[in-house]
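Number of protein chains: 4
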Amino acid sequence: MRDLTIGVIGAGSTYSPELIDGFLKRQDQLSVKRFVLMDIDQTKLDIVGGLVERIALTFDKKVEVIKTLNMEEAVDGADYVVTQFRVGRLPARARDEKIPLKYDLIGQETTGPGGFAKAMRTIPEILKIARAMEKYSPKSWLINFTNPSGIVTEAVSKYSDVNVIGLCNQPITTHNYIAEELGVASEDLYMDYFGLNHLGWIKRLLLNGEDISAEAFDKIINSPRLDHILGYHFTKDFLKALGLLPTGYLQYYYHTEESLAKLKSQPQCRAEVVMKIEEDILKLYQDPSLNKKPKMLEKRGGAWYSDAAVAVMSAIENDKQELHIVNVPNTGAIEGLPKDSIIEVPAVVGKSGAAPLVVGEVPLGITGLLQHVNAYENLTVKAGAEGCKATALVALCSHPFIKSTDVAKRLLDELISANQPYIQLR
Amino acid sequence: MRDLTIGVIGAGSTYSPELIDGFLKRQDQLSVKRFVLMDIDQTKLDIVGGLVERIALTFDKKVEVIKTLNMEEAVDGADYVVTQFRVGRLPARARDEKIPLKYDLIGQETTGPGGFAKAMRTIPEILKIARAMEKYSPKSWLINFTNPSGIVTEAVSKYSDVNVIGLCNQPITTHNYIAEELGVASEDLYMDYFGLNHLGWIKRLLLNGEDISAEAFDKIINSPRLDHILGYHFTKDFLKALGLLPTGYLQYYYHTEESLAKLKSQPQCRAEVVMKIEEDILKLYQDPSLNKKPKMLEKRGGAWYSDAAVAVMSAIENDKQELHIVNVPNTGAIEGLPKDSIIEVPAVVGKSGAAPLVVGEVPLGITGLLQHVNAYENLTVKAGAEGCKATALVALCSHPFIKSTDVAKRLLDELISANQPYIQLR
Amino acid sequence: MRDLTIGVIGAGSTYSPELIDGFLKRQDQLSVKRFVLMDIDQTKLDIVGGLVERIALTFDKKVEVIKTLNMEEAVDGADYVVTQFRVGRLPARARDEKIPLKYDLIGQETTGPGGFAKAMRTIPEILKIARAMEKYSPKSWLINFTNPSGIVTEAVSKYSDVNVIGLCNQPITTHNYIAEELGVASEDLYMDYFGLNHLGWIKRLLLNGEDISAEAFDKIINSPRLDHILGYHFTKDFLKALGLLPTGYLQYYYHTEESLAKLKSQPQCRAEVVMKIEEDILKLYQDPSLNKKPKMLEKRGGAWYSDAAVAVMSAIENDKQELHIVNVPNTGAIEGLPKDSIIEVPAVVGKSGAAPLVVGEVPLGITGLLQHVNAYENLTVKAGAEGCKATALVALCSHPFIKSTDVAKRLLDELISANQPYIQLR
Amino acid sequence: MRDLTIGVIGAGSTYSPELIDGFLKRQDQLSVKRFVLMDIDQTKLDIVGGLVERIALTFDKKVEVIKTLNMEEAVDGADYVVTQFRVGRLPARARDEKIPLKYDLIGQETTGPGGFAKAMRTIPEILKIARAMEKYSPKSWLINFTNPSGIVTEAVSKYSDVNVIGLCNQPITTHNYIAEELGVASEDLYMDYFGLNHLGWIKRLLLNGEDISAEAFDKIINSPRLDHILGYHFTKDFLKALGLLPTGYLQYYYHTEESLAKLKSQPQCRAEVVMKIEEDILKLYQDPSLNKKPKMLEKRGGAWYSDAAVAVMSAIENDKQELHIVNVPNTGAIEGLPKDSIIEVPAVVGKSGAAPLVVGEVPLGITGLLQHVNAYENLTVKAGAEGCKATALVALCSHPFIKSTDVAKRLLDELISANQPYIQLR
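Protein chains in written order, with my numbering: chain S, 1 to 426; chain H, 1 to 426; chain W, 1 to 426; chain P, 1 to 426.
These are computed hints drawn from the structure, not numbers from a lab.
None of the values given here were measured: they were computed from a predicted structure.
Idealized CB from N, CA, C, for every residue including glycine.
There could be a bad hint or two in this list.
Listed below are several chain H residues computed to face chain W (Cβ distance under 10 Å; list not exhaustive) [what the hints assert, rightly or not]:
no., residue
1, 104
2, 208
3, 316
4, 338
5, 339
6, 346
7, 357
8, 360
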């Protein structure tokens, strides 16, 4: 095993201990010699970095922890660069969640106009990181967690030469909830899944290779825990007619009306809730006796986050050729989508990257929404990378949520204005 | 010139004199010996048929006019069968326009849930006509005007062996309005157009073969008559950013919100307005001295209707190999749509049918909406032809307007119930 | 009608009077004010140019004739540039025909290794012309007749911004022979044709729009004049099984063995025969009393050459929107071929160019050969335009004739060496 | 582990002990309770079956061995059906190898007219087996080794509902020879391979995930053992220009001339050599003290045959989700080939079958030959399954070897006549 340097961009995130814990649990597979933690927020970097340093002391081998405000330092010499930064931090997220509501549109971190604004803020930054990686660590891998993960990964994939895999803990979370519901071991279950990030469907479920979709779908659809398992209490008749299981974020498309009503009725947006949780977590992290991932972190969300991330890095590093659901270029896997779109599908992951399995033709009941959102994402990547306002307007208008190009025009103006200095368009 | 028999299904329509007038004006190209007028409404058939008989007397050659309640009689021996029937007549249209409004959805004859209901009523009937044509006039041509024209044509194309071309007067209307605005002769202008029926875009404008798109688009976008020319006052910034001109029905997608508000504010739905107009027209038609298309018919809409229809029949009959914008199977013309979808594009029309020009890749700003609506149409055709309720639910939920599968479920139930006995699903 | 300047590259060709005659016959459609004749051979330019000058005097309006050795002069200010030059002239053609025979391979001007050598000589020259057109007459049209017409046109299409249409008299010749055989007027017959240049098949025959393929194919296949009509006595059983009619150059693929034997048995290659004919024709051209296209020119081949060329220019100039079989980018017309390959199909020709009709899926019995030759052509264009020897070897080895990559290697070396200084590869 | 019943069709093959040996070595993974050996040759069945019975006694657990002349008995209740039968046995193979030579065409068991004849004999038989499997063991897997493996597998895939995977030992053999040449462990090497059965190319070589293609290709191309490694001394310049490594059977395409000369110069065809070897082996097998796979079997060819077969069965049975190079439906993996063609590529094999990785666009230097042979195979499958003589002629003429459709016609007649009663066409 070679000794690894792991660069973490946005390391002040309260998730970082979860990530480090993932490496701690996989010391037999990955030999880390150095974590380079980068953030632009010195205070959070100190607090979170302090905890990481204490966890690092519990590794079997000596692990160096470096804290830096300089992105290039985190990239230079890294074997893997993990991106989990958030441009504009939680206040920007709060705006992403609140502004669309004023226009009677879903306000959400990744889906819809909120995700659009986040993408427009993030793409220029991820491309700076990509440029640095091309220069300082051209053989390294970028493991992207920054949302909207599919769009951000697509920007890197289309506009740089960096090796990149996008990740999301949603497929693995759904997988585990389903296994739990069916009362089977997670590793015995195979979830045949496809789509885009935060727009995924489950096509089949296999138990030790046996296709159990018919009975399993039926059980899940009729379960009192449907809401928990899939992330939403989707209309049963619709699920039966569709013949596939949608994952949670599809609530914003299949139940736009109800989701919007709920978002509007909440006293605080999610970002505001998270701000409070983060405050508590950061307090906790300052406890000098704490040297492991605290239980409380689970409240923050992101279950199996480290599993998704570190398992993929181990698959690459050890050339495991094992299946992971990741965000990769389509290359022809899903028929009817451009070959360079980033899709979220099972892929064989090894040292040379992630090779997607062929998905082929998707059911007609899925095609329309999938292609519509994909076109929006392609346009958003283009607008973000090229900084063109006209493209940004077409991108936003191409989102299925938009019910008026007039409204979209005003919304775009407000998003740009509220996101200064992060969104610069010509 | 061979002598032609023209079957007209839904001949009680007040449009029929317009159609007959089209033949009257083209006697040098098409030699009609017999019109077989079929309708299920004896009263309207008598009134409209009476006028047709009087117009027929003004033809240079003797033309026989037959009125019948029997569809098979209109099909048997026909060279061209023109379909312009309306299942459930105007009261059904009124329901199509009103029911969706109760769910805060566009209520429109062809676009959205209203068009969906109309399709579900119409597909079984058009397939009965197709069956009769297969049996009694297998070499004849079905010229379909019945709305939603693309979906209805697709049903015939996919589920029968009948020669079919779908038509709509919208492209020719837009073409003529643009020529008028630009101050050029209609025949000197070429409108490079593509899309689905009632979902079309203008890609380029050529004047005597010269590409004048840049200046012409600019002029149209900034014209005070934009509303008249394209059928809606689309957002200028959006049109500029898009780089194509949308046609009128796209208002329901690009301005869903505003269109819905307008529809809800109207005291009467369009069907109700039309009922009154039709009453007046039918009164007029009863004037025994009237033997030509009355001026008043223009109020009813349908400008250039006969031009679109009879010109295409003449192109077929005389093997003209000339370009018409028609509804035909894609066969690969538009990249990214199934090969058997019905699309609306320029095609070379001659005796062996309509051969579409290659459109190729469509601009990314169009792709999402085009593919989304196309998937909805494919599903609606399937649901209508196969009579499956689950497919109907998935089809309706696949329409971009639908904001809740729960609401869609209830809406579908109401549409089915309100459309008895026309919609029969298992 | 605007006044036109026609540039002719390779105007010393004995075909030039035929071309000028085409303009003479179409004075009502095309108003030529100037022919600029360019050739590198002063003697031929003087002789042929002299005859052209005398024919020019017979035009209704005054027509200027300019003779020049300078290609740029022929391009500058031209509305149409017609290319019919031959790099290395007939001696090079003789080598193209003879060298492959030494390797037991078809030696032919356009098909196989001979055509490959011709392409490799011609591509650098046509690209020089294209560069000049981009600079001096960016709105003009290049009408290419230089063989191998498909490959040469593809080079211009892929490696320049010039408006180009490739032409060949083979489809129109076959069309006319078939009409003659069937005893019908040529203009009443529609030949549904597709393929690559010199690799075309007839899918259907329509008489005044009626599909007469079944009986017409049968008549042609069984005709004693099969050889004359299609250009070869193809195996009848094979033609029946195939269900399409091949055009003449397919003899080299469907009857490689027999064609090779015949070529080897001929005392002179075609180039040598043509050299003799040309000598006679040039003598004739010097007759100062001759002021029209001489009858004898027909021996030279190239029937309907001017019809194909001038009719297409008239369709462009007059924005006729009429169907011609031309060489244009695929853009999706033929499924299974790259979108930027040049194909030979019916296209609607007008001022903005040639828009191909959709061909769609080709019969499986054609697919293999069509795709194989197309890949060879794509590679040859790349090798010729980029001047890469390795690509040239792969291109030549990709030709279906090649039965040994070892032999191909030696053959390539000989072709390069025999074609100095025309073929320069790295 | 469930107890397995393995049906072997064509069990009289001298390869059977090799297959049984594969199961013997993998007792920890596959628990066989019964081998059902079926052959139509009682003598060979007795001899080979006798040895199998003796080997079976060396298994840790009791294994039943059943010998039968009845195919349905071997299929009924089987968990895996392995097909390795040979219609017409070695004398038919000898004809396949000899008849084409009379026409100056490659005479080979799987490639060219010989393989075509074998396919035409075999398809009707494999479809009988498939019909029996549909009836008696619808959940079982057909592991096909019968050549031409791709075509035979495609027939089952297109014309039945049977679960089928086609196998060939060629990829694994090449893989192992390359590992040996590079001096690396076979399991550390990943061979990125694609194509059709007996028409495969190596795109990349990865050592523990590192791309070593550049240096490894160079080493192999320049190795004195090139002939041994790839199966032929391909032209070095060509290999370098191509940028991929061809596998052995490509000698018949890249070196048709040389291969034909060699085949014609051999005193005996391979079938005749094998007949003699088989005689010796069968003698050896009758030794009642022999209870293991004899060393001598290696002479017969088929190295790693059991590895390829039994490893795949183990991957299915144990739902291993591991990569194997197998013959599976394209489904979109290789761009430019029909989705239902059988291709030979790495696929993730588990209980639900083999899911191919996306290959995407193939290099242009490969496309032509790959598509050409694929079209021939598609047509051969159609001809064999539908029994149509016209299709058979088009299929044979679509093979790149054929240089005359006249000759092909005569060759087809002779192949049909020589293969009575096995080939029945209308």
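Against the structure, the hints come out as follows:
| no. | hint | result |
| --- | --- | --- |
| 1 | 104 | 40 Å, violated |
| 2 | 208 | 5 Å, holds |
| 3 | 316 | 8 Å, holds |
| 4 | 338 | 13 Å, violated |
| 5 | 339 | 7 Å, holds |
| 6 | 346 | 8 Å, holds |
| 7 | 357 | 5 Å, holds |
| 8 | 360 | 5 Å, holds |
Comparing the model with each earlier hint shows violations of hints 1 and 4; every other hint is respected.
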